[in-house]
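Following the hints, complete the assembly by docking chain B onto the known chain A.
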Amino acid sequence: MGQKVQVGASAGKALPQRVKIVEVGPRDGLQNEKTLVPTEVKIHLIDMLSEAGLPVIEATSFVSPEWVPQMADQVEVMKGINRRPGVSYPVLTPNLKGFQAAVKAGAAEVAIFGAASELFSKKNINCSVDESLQRFEEVTKAAKEAGVRVRGYVSCVLGCPYEGQVSPDKVAQVAKRLYSMGCYEISLGDTIGVGTPGGMAELLEAVSREVPVDALAVHCHDTYGQALANILIALQMGISVVDSSVAGLGGCPYAQGASGNVATEDVVYMLHGLGIQTGVDLPKLMDAGAFICRSLNRKTSSKVAQATCKL
Amino acid sequence: MGNVPTSVKHCLSYEQLIQDYPWLGSRLQEEKCTLTREYPEYVKMIEVGPRDGLQNEKEMVPTRVKIQLINMLSETGLPVIEATSFVSLKWVPQMADHTEVLQAIHRSSHARYPVLTPNMHGFQDAVAAGATEVAVFGSASETFSQKNIYCSIDASMLRFEEVICTAKQQQIPVRGYVSCALGCPYEGPIEPTKVAEVVKRLYELGCYEVSLGDTIGVGTPGSMAKMLHYVMEEVPSSALAVHCHDTYGQALANILTALQMGICAVDSSVAGLGGCPYAQGSSGNVSTEDVLYMLHGMGIKTGVDLSKVIEAGDFICKALNRKTNSKVAQARSKSS
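Respectively, the protein sequence lines represent chains A and B.
Okay, so the first sequence: first residue is 1 according to UniProt numbering, each after it adds one.
Okay, so the second sequence: first residue is 1 according to UniProt numbering, each after it adds one.
Any given hint could be a false lead.
Which bits of chain B does chain A cover? Going by a derived footprint, with three or more residues having C-beta under 8 Å, they are [unchecked claim]:
hint	segment
1	249 to 260
2	317 to 329
Listed next, the in silico DSBU-like pairs over lysine-lysine satisfying Cα-Cα at most 30 Å (straight line) [unchecked claim]:
hint	chain 1	residue 1	chain 2	residue 2
3	B	K323	A	K299
4	B	K323	A	K20
5	A	K34	B	K58
6	A	K299	B	K58
Derived by calculation from the structure, the hints in this document are not laboratory data.
Backbone N, C-alpha and C define an ideal beta-carbon position, used for all residues, glycine too.
In isolation and in its complexed conformation, chain B is listed as follows:
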């Protein structure tokens, strides 16, 4: 008949859409030209569900569930999937099975599987377990750094320098994170210049990309734009990513703002799993499904199959016996 129901259109990947409705090809090209002139053509999605998401579960998630989740996510086309964390089991018991997980997952040739490594000890364990990419976690807030990793920002940088230098020698890329980029649960608002300073340090130490985390989700498009303005004076946008929490419902608007400013890498979590246990009241990584829905609707490519992400989300929610935080997943399940 010629009409593709909007809800269907928005749920299919670009490639699948063209396959199923070939006549749409030229139409979408036109749309893309109108709509993406101010936006990146492609956005890299960094899936943090298996680590950032599951890390916050109170109940121990069985290792096989973690492995299956990661394998399902690999099938979706996600280019980066944060697999696990080599932090001390004492602090994060949920990630105690890090070696088992990393060794058992089926690694897609199209994806990368970074793991968190807070220090040399963790880094060495990660490499021994087969890690080919690692991540280090800094903070823009002194108090948060003290409370989260028990040292000052400066001291943490020294720790990371060690990891990054060693990683460089072994040709292992390192991704940096900066938490509290838009606000701290202890200090309140954080000066964008401070954020820029910390980001710059991580970048100059050798991180190929730095992810800016709105840890407690308090940011709004205004504060996001301001912070990015200062950060982008020190580090190129191509080396930046945004990691927005949806605690106050602002994540998609903040991500949109970041895209408008030239950012083209976005962290998100399948089914909106997880948040930060150290930030009081904080919950809600932004859902990968909801971000994909927005990007695809705007004609921005991601290479990710939204329906498969929804399936992975369904799987993990069943396994955890909880409802998804993704509105797209909720809408899809109500209409089916």
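One chain only, chain A, in its complex shape:
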């Protein structure tokens, strides 16, 4: 992944040879569905995504069912999925309690969710950024002892629905703390999708001064249609891990008007067009997208999926 080649490079910027796609549809995507998605549908979706060659599939969330009823079947999902060798199935664990439940249910990788905005942290998880980081330290400590990998997320990296502009240095600080406490990778989330390539470049410059670029990922929302452009800039700056959601499922329920994780199909289309390897089988991925859209009785948000249907 450290190898860089001139693959369809623009203006002399080298792109990674390979990009790891982190599929967040089953968790970030389905979490935002109003109607409860049947457990067998979730399991089947994850199995289809495994078959499509995705290397990381965020399976579920061990948050309190009181806050996120959609994820109440977390244990059943973990136990029901057919885990493909070589594929990771991280689960969200907001605190030690969730972590313990996750490990008991068989999780081998977990994720913790910080924010770069104080207000967002208060409104989203009812505590300050510092308090949340302390909570996470308990998780990372326990995870280290249990030999479980931890991935860190930072939300609102390019803007906050409450605070507006967010300083790249603040993001860098939060990312650094998550990395120092043991997260192997930090995913930078443009939670309300307001970021543009300039802001993304500035952000990555600041964060990569504190965290090695190989340990960074981008999690772009397409709310303002900017996701693929932002991802392209990130690749040009050395990022080689991209979060996305099959069929563009989901968004953040706390960000007013926000919707639209970037669609995995559209990201894969761009990456393959650039000659970048992902290990993903696009037709099989589209099958998974078609399946979940049928189950949810809704249209896909993926343009690639829409275009291909017409032909």
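Chain B only, in chain A's frame:
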């Protein structure tokens, strides 16, 4: 309090922003210096909604609606607005009211209003109706040329040569388009050298600018960069524009790539109206709103007021009874 909500900041034009938040001036200058060192300072926006967009509507759009749309777009600061098309009514009934439209619109002194003219007949009608700029439409794909305008690329060039020569004599600028620059619905991938050849011909015939169209939206930053590399060996970047379709969601990434390579003219369509009726499955001109959002966010000037474009988009979508294709417009309407 000092904080300008990001969503607001990105939605306002640079000028309006400085007017409302004077303290932002120096901050934005700094940002611009950091962010635009590899990008053009200014990008010319070519609005094709009234022609390329409406041309693809199945229902006849009333003439007054077209006129109002163009007038609203003129108020936004858009420097170029493609008004209509002087093609045969038989082929494109939607543009049958071309003369009426061209004569009734209120022409802003800051904007130009090119019209499509596929041949001498169309050109003469356009000039008689008051056109002061015209456009000709070539293709990088032989099959597409045959299926779209019923002649080979070579034969089409002869037709255009006639138009361009006559236009030159009358001091009417001509813009060229090349379709299928990144792929053809019939032939598949198109050799960048072929694209470069066709672009060069149009440029040498006298087109002041050639717009490179990803007609079916299949291009990605890789193929865009490759194609531009070959084209720019034949024609200067200052005479080129990109016309990206968002059929596969790639348009903004492709436009970004083009900007990085020195292109500073971008075609787009308000509310993402329209596409190509000849390319199976194709839809989705890139939305002007979404392009502006990106450019303004990067500190690139366009002279266009994004909120006014959104209003024009709202108007035409109501008139057509359909939802906008612009994500920026959708996000703005959900948060208001």
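Going down the list of hints, with the structure as the test:
no. : hint               : result
1   : 249 to 260         : holds (count 8)
2   : 317 to 329         : holds (count 3)
3   : B:K323 with A:K299 : 14 Å, holds
4   : B:K323 with A:K20  : 35 Å, violated
5   : A:K34 with B:K58   : 36 Å, violated
6   : A:K299 with B:K58  : 23 Å, holds
The structure fails hints 4, 5 (numbered hints given earlier, in ascending order).
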